[in-house]
Amino acid sequence: MQKQTEPPKPPKPPKPTGYYLSRVKDTHTEAGKTYITLFARLSIKTPQHTKSVWVEIEEVAWDQASRHLQKLPNAAYDYQLSEAVFREMERVSKDQLETLYYFTPLYQSVTFRKLK
Numbered sequence: 250m251q252k253q254t255e256p257p258k259p260p261k262p263p264k265p266t267g268y269y270l271s272r273v274k275d276t277h278t279e280a281g282k283t284y285i286t287l288f289a290r291l292s293i294k295t296p297q298h299t300k301s302v303w304v305e306i307e308e309v310a311w312d313q314a315s316r317h318l319q320k321l322p323n324a325a326y327d328y329q330l331s332e333a334v335f336r337e338m339e340r341v342s343k344d345q346l347e348t349l350y351y352f353t354p355l356y357q358s359v360t361f362r363k364l365k
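Just so we're aligned: the sequence shown equals residues 250 to 365 in the working numbering.
No lab work stands behind these hints: they were computed from the structure.
Quick caveat: nothing in here was measured; it's all calculated off a predicted structure.
Just so it is clear, CB atoms sit at the ideal spot from N, CA and C, and this is done for glycine as well.
A portion of the hints provided could be inaccurate.
DSS-like cross-link-like pairs, simulated, lysine-lysine; straight-line CA separation at most 25 Å [claimed, not checked]:
| hint | residue 1 | residue 2 |
| --- | --- | --- |
| 1 | K320 | K365 |
| 2 | K363 | K294 |
| 3 | K343 | K282 |
| 4 | K282 | K365 |
| 5 | K320 | K282 |
| 6 | K343 | K294 |
| 7 | K343 | K300 |
| 8 | K258 | K320 |
Ranges of calculated distance between the beta carbons of each label pair, as one might list FRET restraints [to be verified]:
| hint | residue 1 | residue 2 | range |
| --- | --- | --- | --- |
| 9 | I293 | A324 | 17 to 25 Å |
| 10 | K365 | S271 | 13 to 21 Å |
| 11 | T286 | E337 | 40 to 48 Å |
| 12 | P256 | K365 | 32 to 40 Å |
| 13 | V302 | S358 | 18 to 26 Å |
| 14 | A333 | E279 | 37 to 45 Å |
| 15 | Q313 | P260 | 54 to 62 Å |
| 16 | V302 | K363 | 23 to 31 Å |
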């Protein structure tokens, strides 16, 4: 009796490229003074690597921050975006930096992690 061989399996399709906005707000105290740290990054992820297209970090003294900023939770958000929305966010990052700290884009999915 002859052994039958299975036909070769087709290769798995490559994972698609992912477009992300990551945003973090955290507070800390140094020498009795409270500060807010803001971090934002636009990145493109492929199965092989992650490329940061734009990164910004800013520290604001609590008493100089807006009430809106003070009330935001200490948290990290990772928004998965369409390429079109990502490219618009990239354009905005060049002219209106602070917009990315507050603006919630149209997203495909979001991951939220509360800090502290």
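Evaluated hints:
At roughly 15 Å between alpha-carbon atoms, K320 and K365 fall within 25 Å of each other, so this suggested pair holds. A hinted pair counts as satisfied when its Cα atoms are at most 25 Å apart, and K363 with K294 qualifies at roughly 23 Å. For the given pair, K343 sits about 31 Å from K282 by alpha-carbon distance, which is inconsistent with the 25 Å threshold. With a C-alpha separation of about 18 Å, the suggested pair K282 and K365 falls inside the 25 Å cut-off, and the hint holds.
Proposed proximity of K320 and K282 is supported: the alpha carbons are some 17 Å apart, at most 25 Å. Note on K343 and K294: the hinted pairing holds, with a Cα-Cα distance of about 21 Å set against a maximum of 25 Å. Restraint check for K343 and K300: the C-alpha separation of about 17 Å stays at or below 25 Å, so the hint holds. With a C-alpha separation of about 54 Å, the suggested pairing of K258 with K320 is violated against the 25 Å cut-off.
Range check, I293 to A324: about 23 Å between beta-carbon atoms, so the 17 to 25 Å window is met. Range check, K365 to S271: about 18 Å between beta-carbon atoms, so the 13 to 21 Å window is met. Under the hint 40 to 48 Å, the C-beta atoms of T286 and E337, about 26 Å apart, miss the expected range. Checked against the hint of 32 to 40 Å, the pair P256 and K365 fails, with Cβ atoms roughly 55 Å apart.
In this structure the supplied range 18 to 26 Å holds for V302 paired with S358, their Cβ-Cβ distance being about 19 Å. At about 41 Å, the beta-carbon gap between A333 and E279 stays in the expected band of 37 to 45 Å. The given range of 54 to 62 Å is respected by Q313 and P260, whose C-beta atoms sit roughly 55 Å from each other. Range check, V302 to K363: about 26 Å between beta-carbon atoms, so the 23 to 31 Å window is met.
In this structure, the hints that do not hold are numbers 3, 8, 11 and 12, in rising order.
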